[in-house]
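**Student:** Build the full structure now, drawing on both the sequences and the hints.
Line by line, the protein sequences are chains B and P. Using this note's numbering, read the first sequence as starting at 1 and increasing by one per residue. Using this note's numbering, read the second sequence as starting at 1001 and increasing by one per residue.
Note that these hints are calculated values from the structure, not bench results. Among the clues, some could well be false.
[Said to hold, decoys possible] With a straight-line cut-off of 30 Å between C-alpha atoms, the simulated DSSO-like cross-links for lysine-lysine are: (1) P:Lys1080 x P:Lys1010; (2) B:Lys193 x P:Lys1190; (3) B:Lys190 x P:Lys1080; (4) B:Lys193 x P:Lys1189; (5) B:Lys7 x B:Lys131; (6) B:Lys231 x P:Lys1190; (7) B:Lys190 x P:Lys1189; (8) B:Lys95 x B:Lys231; (9) B:Lys231 x P:Lys1248.
[Claimed, not checked] Chain P residues, not near chain B, derived (Cβ > 10 Å throughout): (10) Asp1014; (11) Asp1145; (12) Thr1158; (13) Tyr1184; (14) Leu1185; (15) Gly1202; (16) Pro1210; (17) Thr1259; (18) Gly1282; (19) Glu1300.
[As the list claims (entries may be wrong)] Using C-beta positions, here's what the derived DEER-type ranges look like: (20) B:Pro219 x P:Ala1073: 35 to 41 Å; (21) B:Asn54 x P:Tyr1059: 34 to 40 Å; (22) P:Ala1169 x B:Gly266: 46 to 52 Å.
For every residue, glycine included, the Cβ atom is placed at its ideal position computed from N, Cα and C.
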Amino acid sequence: MALLKMKFPLQRRVRLAQGLWLLSWVAVMCGAFTFCLGIYLKTELLRRAEVMDNSEIHVVPNILILVGIASIGTNMFAGRVCQDSLDPARFPRWKPLLLPWMAVALLLCALLIASVVLSYCLQGSLEESLKVGLRNGIRFYRDTDVPGRCFQKETIDRLQMELRCCGNNNHRDWFEVQWISNRYLDFTSKEVKDRVRSNVDGRYLLDGVPFSCCNPSSPRPCLQQHLLDNKAHFNYEHQSEELNLYNRGCRKALVDYYMGLMNTIGPGILSVISMQLSVMVSLRYLQTAMEGAEALENPEDESEGYILEKGIYETVAEAKATTLSFFKFGTVEAETTDAEKAAPESG
Amino acid sequence: MAVLRVKFTKTKRDKLAQVLWILNWVSVVTGLVLFSLGLFLKVEINKRWELMAERDIHYIPNMLISVGLIACAINFLGGKICYDCVDTTKFLRWKLLLLPYIVCTFFFTFCILVGALMCYSMRGELEGALTEGLREAMRLYKDTDTPGRCFLKRTLDTLQMEFQCCGNAGFRDWFQIQWISNRYLDVAKKEVVDRLRSNVEGRYLLDGVPFSCCNTFSPRPCIQHQITNNSAHFNYEYQTEELNLWMKGCRQALLEYYTYIMQSIGLTVLIIWLFELSVLTGVRYLQTSLENLMRLGDPESESEGWLLENSFVETARSNFNIIKSLGKCNQIDTVQNGDPNIDVPSTAHYGPANVPTKHISQAC
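**Tutor:** Here it is in structure tokens:
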């Protein structure tokens, strides 16, 4: 019993070939679209590469880019096959390539599904990478005179202003780090000496944040220093003040941003997968219908098209038998030659 | 003496008509481009309406929008006409409309040119609007509790951060206004009272700037307060310090931004103007060649096309005479005593034979 058998008169075959040609060019566009999505995601990740510790998450855009290029080539091939399918002289040369083509197309769909799954699974890895990257960025904020780290201040400042966030988890992360370089501290002043002596590592810690944490939506000019001291500022209570600085941590802001990006890309990828599957199914029908028509006495008669010649279980059993016989090929030969040798001896 | 006379065979005419049909459709697209450029400029100006004083700068985007729409309509009609001109029978439908169409389009291209030139001339008005607008905005920076002005602080802060600028002409503009609201000033403190008393109007002025003036490229954490006091900060000299705050004034930054936009738009409009002019030239050649073809009678023969039938000077003179005679249509010709039916014989000499002139009104 063939799987999903359909009858194909000549007119329907012609229409199928023409429709499939159009569909394959739409699939080429989808391949280009996938490629562009991959490039876009990669540039967005590279933009903030300075605050990321590892690049495990880059596997998602890399897959999209590769699959995009491969599917452009694959679907162009399908379009060529359709063009030649109605010409009985040219179609036979494509026939042996169709089964490998199916395998490649199936592989591409599997890779796309894998990329969607990975984009959700790698969220934890992204968060870890950002945690370490941001912690380093905040630690090296003051090292504007150290080569290799001199742009950390600018990077962190711009990140906090663009994403409207402050610190790693929240603004208190800045209280635990010395973010003012020793070059700008007057070590003859009593206040500086007291602060430096007040902790074990001799760091100048203060309850202040850089200017990039300031929230422009606050009705009050920004308070950056003495944030925990209610008496230092008029009419100020740090426990209830919410508008002065950004409340969000930069790690959460970045993770939300990238997850939002991947959630937007997700439906696009799913539609590309369904387009590729429909091209595969249509090409299979076209192939079987054309082969059926060739076998007939009158090639213009009605023929049958199907997805699988026999049912699923029978096809699987056949495939198993063929692979097993391929492996047993050496041993069966030895047995028959032994039997042949034994026969003349006994005969 | 025709201006730029060209001979047209039948195939050349047909090809010209087809090419012009395509070019007219391209012109419809360029008309849409003009429209969208005008819309873009209008949106950009409206985005910062809070920072611009009331000036008449909206006429330029409005002009571009209307010119774009009219260009679409004119070129759509032109495309239709050129499509029909391949067939001489269909051409007869448009014959009477073609010359007025060409004249109207010619004057319309002047409008496009004026639009392009206006883009370059808007700078002066814009500068005035920005100076006044920014000054007002800075004055009202502290009024975050007044309805209608409560978002001015956020607008100005985001402007300074986005355009990397500070103040109107420079950061010292902030020293001359009170940008900290009285709600956040502890008037019990001596320092505050001293500052308020130190000037006539009782304003709290200080040598400090808002946080949005801070330069992200500075190697040092931002110094916002006591900017002119060298001893207030370690290793600091405000006279030589250039990286601490943004040095550019926001007026100049915004002016540069809008000038760049308008120069790009002006250049695009000039290119569109040249394109429209070339399409118009093609349509004129098509019109004259088809009209000459009508005069010759044979639809397959060669005909001539030109830009003007006579030279510039003669055409100008004849047009001028037409306009003059239009004005004189009520006046009667007094030479023939007001009666147009009297035949006045000519007194000119015609050479040795002295053949008299033929009387016009001869009885048959």
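**Student:** Now tell me, hint by hint, if it's right for this structure.
**Tutor:** Hint-by-hint comparison with the structure:
With a C-alpha separation of about 20 Å, the suggested pair P:Lys1080 and P:Lys1010 falls inside the 30 Å cut-off, and the hint holds. Between B:Lys193 and P:Lys1190, the direct Cα distance comes to roughly 28 Å. Compliance with the 30 Å bound is thereby established for this hinted pair. This hinted pair does not check out: B:Lys190 and P:Lys1080 have alpha carbons roughly 87 Å apart, beyond 30 Å. A distance of roughly 28 Å separates the Cα atoms of B:Lys193 and P:Lys1189; the hinted pair therefore holds under the 30 Å criterion.
Between the alpha carbons of B:Lys7 and B:Lys131 the distance comes to roughly 60 Å, so the proposed pair goes past 30 Å and is violated. For the suggested pair B:Lys231 and P:Lys1190, the alpha carbons sit about 16 Å apart, so the restraint of at most 30 Å is met. For a cut-off of 30 Å, the pair hint linking B:Lys190 to P:Lys1189 stands: about 24 Å separates their Cα positions. With a C-alpha separation of about 85 Å, the suggested pair B:Lys95 and B:Lys231 falls outside the 30 Å cut-off, and the hint is violated.
Between B:Lys231 and P:Lys1248, the direct Cα distance comes to roughly 36 Å. Violation of the 30 Å bound is thereby established for this hinted pair. The claim that P:Asp1014 lies off the interface holds: its Cβ sits roughly 33 Å from the closest Cβ of chain B, which is beyond the 10 Å cut-off. Distance check on P:Asp1145: its Cβ comes as close as 7 Å (rounded) to a Cβ of chain B, failing to clear the 10 Å threshold; non-interface status is violated. A beta-carbon of chain B is positioned within 10 Å of the beta-carbon of P:Thr1158; the least distance is around 6 Å.
The beta carbon of P:Tyr1184 sits about 5 Å from the closest Cβ of chain B, which is not more than 10 Å, so the claim that it is off the interface is violated. Remark: the non-interface label on P:Leu1185 conflicts with the geometry, its nearest Cβ contact in chain B lying 6 Å away (cut-off 10 Å). Chain B leaves P:Gly1202 outside its interface by the beta-carbon criterion, the shortest separation being 18 Å against a cut-off of 10 Å. At roughly 6 Å, the least C-beta separation between P:Pro1210 and chain B is not larger than 10 Å, which violates its mark as non-interface.
Look at P:Thr1259: its CB is around 26 Å from the nearest CB on chain B, clear of 10 Å, so calling it non-interface holds up. No Cβ of chain B approaches the Cβ of P:Gly1282 within 10 Å, the least distance being about 35 Å, so the stated non-interface status holds. At roughly 41 Å from the closest C-beta of chain B, the C-beta of P:Glu1300 stays outside 10 Å, upholding its exclusion from the interface. For B:Pro219 paired with P:Ala1073, a C-beta distance near 51 Å fails the hint of 35 to 41 Å.
Between B:Asn54 and P:Tyr1059 the beta carbons are some 56 Å apart, a value that contradicts the proposed interval 34 to 40 Å. The hinted range of 46 to 52 Å is satisfied by P:Ala1169 and B:Gly266, whose Cβ atoms lie roughly 50 Å apart.
The earlier numbered hints that this structure contradicts are 3, 5, 8, 9, 11, 12, 13, 14, 16, 20, 21.
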